[in-house]
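As you go down the protein sequences, you meet chains A and B in turn. Positions 10 to 255 (my numbering) are the ones given, in order, by the first sequence. Positions 4 to 234 (my numbering) are the ones given, in order, by the second sequence.
Check each hint, because a few of them may be wrong.
[To be verified] Example chain A residues on the side facing chain B (calculated, C-beta under 8 Å, incomplete):
# : residue
1 : 71
2 : 73
3 : 176
[Said to hold, decoys possible] With a straight-line Cα cutoff of 27 Å, these simulated DSSO-like cross-link-like pairs (lysine-lysine) come out:
#  : chain 1 : residue 1 : chain 2 : residue 2
4  : B       : 49        : B       : 11
5  : A       : 255       : A       : 156
6  : B       : 120       : A       : 137
7  : B       : 97        : A       : 156
8  : B       : 97        : A       : 133
9  : B       : 97        : B       : 49
10 : B       : 11        : A       : 156
11 : A       : 133       : A       : 204
12 : B       : 120       : B       : 176
If you're looking for bench data, these hints aren't it; they were derived computationally from the structure. Even glycine gets a Cβ: it sits at the ideal position worked out from N, Cα and C.
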Amino acid sequence: MDETCTLITGASSGFGRSIAQKLAPSRRLVLADINADKLEHVRSNCEFPERHLLWTRDLSRLAGVGEELASLLAANDIGVDHFIHSAGVFGIQFARANEMAFVTQMFNVNLFSAMEIIRPLTQKRVNKGALRSITFISSINSRLGAKGYHAYAASKGALNAMCLSLAVELAPSVRVNAVLPSIIETEMNQEHFAKPDFAASMRATHPLGFGRPEDVADAVEFLASDRARWVTGQELVVDGGRCASK
Amino acid sequence: MVGRNAEKLEAVRNACEGPSRHLLWVRDLSYVENVGEELSSLLSGKNIEVDHFIHSAGVLGIQFIRANEMAFVIRLFNVNLFSAMEIIRPLTQKPVNKGALRSITFISSIVTRVGSKGYYVYAASKGAVNSLSLSLAVELAPAVRVNSVLPGIIGTEMNTDHFANPEFVASVKATHPLGLGRPEDVADAVEFLTSDRARWITGQEIVVDGGRTVFSPPRVPEAVGNNPKGS
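This is chain B alone, in the form it adopts within the complex:
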């Protein structure tokens, strides 16, 4: 389990089954220097290998193009995209990971399929993830399967304030035919993709969005939460 905050990671571990089995890697992925080297040392230090890699780290931020700020863009791309490239490097090197890798699963977003104001940077990072996933699927076959999950908007820590607003919740309900999603819905899809039940599935984008992208909902004119993107 990887995160930049040691206490939060520890709390998650304690809430897991068999906490003593699981390892923590405290790391800020908003800068990418030495990410690969740190991971390599962790693997050799603990004498373990990685068979499934799930890239769920992501930052979301609204920015309008007329105020484009490269520091913001780079930070977002470091976490959402570039850190994954640097993590996959050692995981695909024989001397480091001993050919153990079987699958890679990216958490992308439906914002790559539904345009939204202020989302061009976030969308670009997730669109990059989708195309990266496709080319890696070809490059790493047949040993490693590579897929991505594209969630609709789901309440998490990242958007608590939005979900505290009843109007926002109403708009999410109105735009997701199956009602409000839960983080477990994404976890179920990830579990499937990283398991042998998905042994003949690679290079795919699995949309988990309660039906958001299969229809075009009536628009609330410029209301809060008119943005249809994922989390």
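Here chain A stands alone, though its shape is the one from the complex:
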């Protein structure tokens, strides 16, 4: 194995892109997302673009995810030391109109793809024991109920509980943590933030004002570094005081 890399899913937008830009100067990255053009664009905006690898992959389909990743590692003679799962889809659905196709797609991206990615990363013959940390991007919606959020909240609550058991299973070599952001303006929700009412309600419910994707990236950088060497199985809430003031 030539070198170790940090793998970031959902790297072409929102939190994932911000994390990539934060980590690019100090680490070699594998950037994963569904859209090759967007990924290329993020890479070219990172420090040292030529060092970083791209993995174009739709995580709403699980078949072959683990195998593809294993081949990528072997072909480039690299291992993954830090895995950051920032891929996520969001959607509103009411219980009375529950649609399993919607639920399955959301669980594939938000939860199950992470399981399939961690599988090869924890196999000695594939990743050579290189893995040191896993960081999940969860959500405070796992702690605050909201109308229409049952499927999204369930997928994030699943991540939190999985994080706890994996922290025990993979100790002492791998630390496993989750970051729980509140709502932050990204491409996913720009239209909402454009409405004055929405922006006002955000301001009213977040004592520290509006959050930025970099706030999440800062927390992730900490958890995926040696400064957090004795931190595992934790949920780090990054929400401008939203939960504290509910």
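Could you slot chain B onto chain A? The hints should help.
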């Protein structure tokens, strides 16, 4: 009463008070196709409605992440989580259930609060249930209350072999300050939550675990039954 085995369901019905009053729905919840439609037909066929829904169906299985198997994961999520979503759909539709629903109670597990080796899939399914319960509590208020019960480890058919091992029983006793729990302890909590005595309680996780999660017991190094999770 819902289960996939007709004979076992019949045996439970016969052991109940007034067996002739109770209905059976034989259904395997490890696949979710048509669950909602079957339930709707059952309700209209019998001209009944559901006022309280208790989701106690669950499968437990140990799997390590390095050997993650999606078929296992999907089956576990179908029974523990997705089937409940598909059951709640018709129960919250006016034309089907006539607004009769008053409460939903999920059986979750304390493994959502105490991490354990080999439990990440089971824990994830139960963590999903907890967060689902919270959002449904907001979405369905004030008509429907939604809560979950988080048991510690209790001897049932699911873990008879473990409880046959004296070392395992000793470790369960050592980690549960109130001693061994019984299925009735969970049933008592469920009865409370589905009754009007709990009329102002929603979105809550009621831990019924003999004190397992309020302290950190001394660890038996890698012994059988060192896992503190629920059933």
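Any hints this thing doesn't respect? Which numbers, in order?
-> Of the numbered hints given earlier, those the structure breaks are 2, 8, 10, 11, listed in rising order.
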